[in-house]
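Novice: Assemble chain B onto chain A, guided by the hints.
Here the protein sequences line up with chains A and B, keeping their order.
Mapping to my numbering: the first sequence position 294 is 278, numbers consecutive.
Mapping to my numbering: the second sequence position 267 is 251, numbers consecutive.
Hints listed in this document are in silico derivations from the structure and should not be mistaken for laboratory results.
Among the clues, some could well be false.
[As the list claims (entries may be wrong)] In silico EDC-like links for lysine to aspartate or glutamate, alpha-carbon gap of 20 Å or less:
hint, chain 1, residue 1, chain 2, residue 2
1, A, K346, A, D297
2, A, K187, B, D61
3, B, K168, A, D61
4, B, K168, B, E213
5, A, K168, B, D61
6, B, K187, A, D61
[Claimed, not checked] A short, non-exhaustive set of chain B residues, derived as facing chain A with CB atoms under 10 Å:
hint, residue
7, A118
8, F190
9, S373
All C-beta atoms, glycine included, are put in the ideal place defined by N, C-alpha and C.
Number of protein chains: 2
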Amino acid sequence: MNGPRIELISSGSELLNGGTINRHAQALGAALDAEGYTLSRDTTIGDQAEEIRDALSEALDRAEVVVFSGGLGPTGDDLTRGVVAEMLGCGVVMHEPSRLRIVERYRFRRKPLNNLVEQHALVVEQAEVLDNAAGLAPGELLRIGGAVLFLLPGPPSEFQAILTDHVMPFLRKRWPSSPVRTIKFHVAGLGESDLLARMHEAKFPFEEINPSFRASPGQVLLTLTHPDEARLTHAGELVQSLLTVHELVALSHDSVASVVADLLTGSGQTLAVAESCTGGGLGEQLTALPGSSRFFVGGVIAYANAVKESLLDVPAELLADQGAVSGPVAAAMAVGVRTRLGADWGVSITGVAGPGGGTDDKPVGLVYIGVAGPEGSAVREIRFGGSRSSVRNFAMRAALNLLREHLVG
Amino acid sequence: MNGPRIELISSGSELLNGGTINRHAQALGAALDAEGYTLSRDTTIGDQAEEIRDALSEALDRAEVVVFSGGLGPTGDDLTRGVVAEMLGCGVVMHEPSRLRIVERYRFRRKPLNNLVEQHALVVEQAEVLDNAAGLAPGELLRIGGAVLFLLPGPPSEFQAILTDHVMPFLRKRWPSSPVRTIKFHVAGLGESDLLARMHEAKFPFEEINPSFRASPGQVLLTLTHPDEARLTHAGELVQSLLTVHELVALSHDSVASVVADLLTGSGQTLAVAESCTGGGLGEQLTALPGSSRFFVGGVIAYANAVKESLLDVPAELLADQGAVSGPVAAAMAVGVRTRLGADWGVSITGVAGPGGGTDDKPVGLVYIGVAGPEGSAVREIRFGGSRSSVRNFAMRAALNLLREHLVG
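Extracted from the complex, chain A is given alone in its bound form (with noise of 0.2 Å):
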């Protein structure tokens, strides 16, 4: 990689007790990767100037690019241009068209405006000043020895509005780059270490491609890389051949969901959902996906099951025989949903997510997909361990992939 070294630094104390989860490197993460620059460090830190102060310093040391976001509201926990400016010998000063905006925005708001509001325009001295198409405190670019630095909010749609409209265009223009061709494998029902003899056995060549392994649970997600396209192909074919339909579950895809989705697509099949131990999480997965009102026809969350019976047509009896964790129900709310919203296809979740409710004879993990199709039903027995988060996860993921097999088998 000729790249320059992109370091990413976030603060807020929030993103370290378990507040809220920072996404900024991800944001960060995946714009870069898809035009060949490399994230090298993401570097979390509270709200106390001294950490901000450590970290900045470090990160322009050894970076040509840091992305600093947070710390820019009217707060007295918004230190970042103050540390800044100190670091530079400069002083914060107010950008007057960035509060004449403000006070624009506002313009129309019956409360009147406190100029506690106004703070968010304040800049460092010496920056050159990036607007912010989502909110209010503007983005800044800074030159500090070799390096650039860039202060963005910490709200992430204001984030990825500065990412978009000035650190990628700027990085575009500096270094200049050739995308790096990658391919990716979604693989269930291998561990990570078969997939791997599997590799050394077909004599896949490592010398050249140095392939990262993900794990997560049921899933390994294996990444191949390499500038030259030929060989790239060529190795990603040698891995394809290795792997069955069933363990294959998406190639080069981001998720099981958008390979279901083109699949649904391109045959202009209509699909509904059943979900009892996801709770509408399957739904909020597919519709997630921009479009999805082309295939996704909705659903019924049948948590109590009185809703099986009454919008799922689950007969009393089988609920009573089987129990609502059963092959049978699984299969039943496939059919029902299929039938009830006049789709193509019906899939159907059932399980014990926990942490409570287990019993010897169904323990927690215990889950029972179904899918409906032109053809009939299936279902599919799984247990999976791990929190209740995990399990309907899995879940999900596994309801999905049973689909995807009914739709290229």
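Specialist: Here is chain B on its own, set in the frame of chain A:
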């Protein structure tokens, strides 16, 4: 704070290329915060030996405790043990009890065990080995200079298991702490600056308690922290007196969802949801809470208009006259789901989440939320800015808040 300085380092290239969100900082931060410890810095680096070595030695210079996660698997990008052994000038050895545990765990597996799996049991020679209740690779405790280094596996459930079983008990024994007291205010419909201005006006004791603010779309999280309970309570009462019931969404709860859950469970009432543009996300949030079956009945994901008619009894004429994104349809959805599912309360969301689908009349970001209860129904029109995901998150929060207002009012 007299506690130890604690830092976290996570290694994994997929954490820096947008592939995966790093959730370790949240898990560790929350566990530490609950017992009065502070996470001072979180660093994420790629899978390169040099990056790992630099980040580790810097952190060990600054901190008393360093928790390092990732890179303990059997594949070529798992370099952690080797780097640490080199720093200590010792070797990497097979930990026989861990190896036997792995062999035992795979005893009933159909495929033969490959010897890469056993490499999960490799440890740094000088390490105290920490058993992993959730996976294959054990944790390790090492003493380097004056600092303690924990090596933990990257998968979240394994990280959490060793954190709970070994890291927290170690901290408690070595640095007994008295919990720091905290009050959190989730505030809606009021900017950070407005809230701060009110606090200034009311003479909030800023010299004594430094409040932390976290703004996100439509909501501000204000955290007050002080070791003395009486002073904290006094300051908390002052803030509370500045907020209306509409503005103070949740007090010392994790989220509005948990406030609503407590209110419903406490009064023995039930809830059903009808979701269009959020696709099941509201149900997902509510059922993420353990014990949600005590109040949550289920719901209908009415993405297509036909589902709004067939499962929620929204009149076809209403949909034709007003459009699916309208106040009357939101009200009909809330009433419909309440009636169909036999719940005490029904909540609905219908809107234009974007990026497509907006018109001049009904732009992206326009959302109607409805609530139906024993005494009738109400709707609220809201306009949000931002991405599809922001609009959806904002809509769910607003819907929960509308319900909360009706539950307390």
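Novice: For a quick check of understanding: which of the numbered hints are violated here, in increasing order?
Specialist: Structure breaks hint 1 only.
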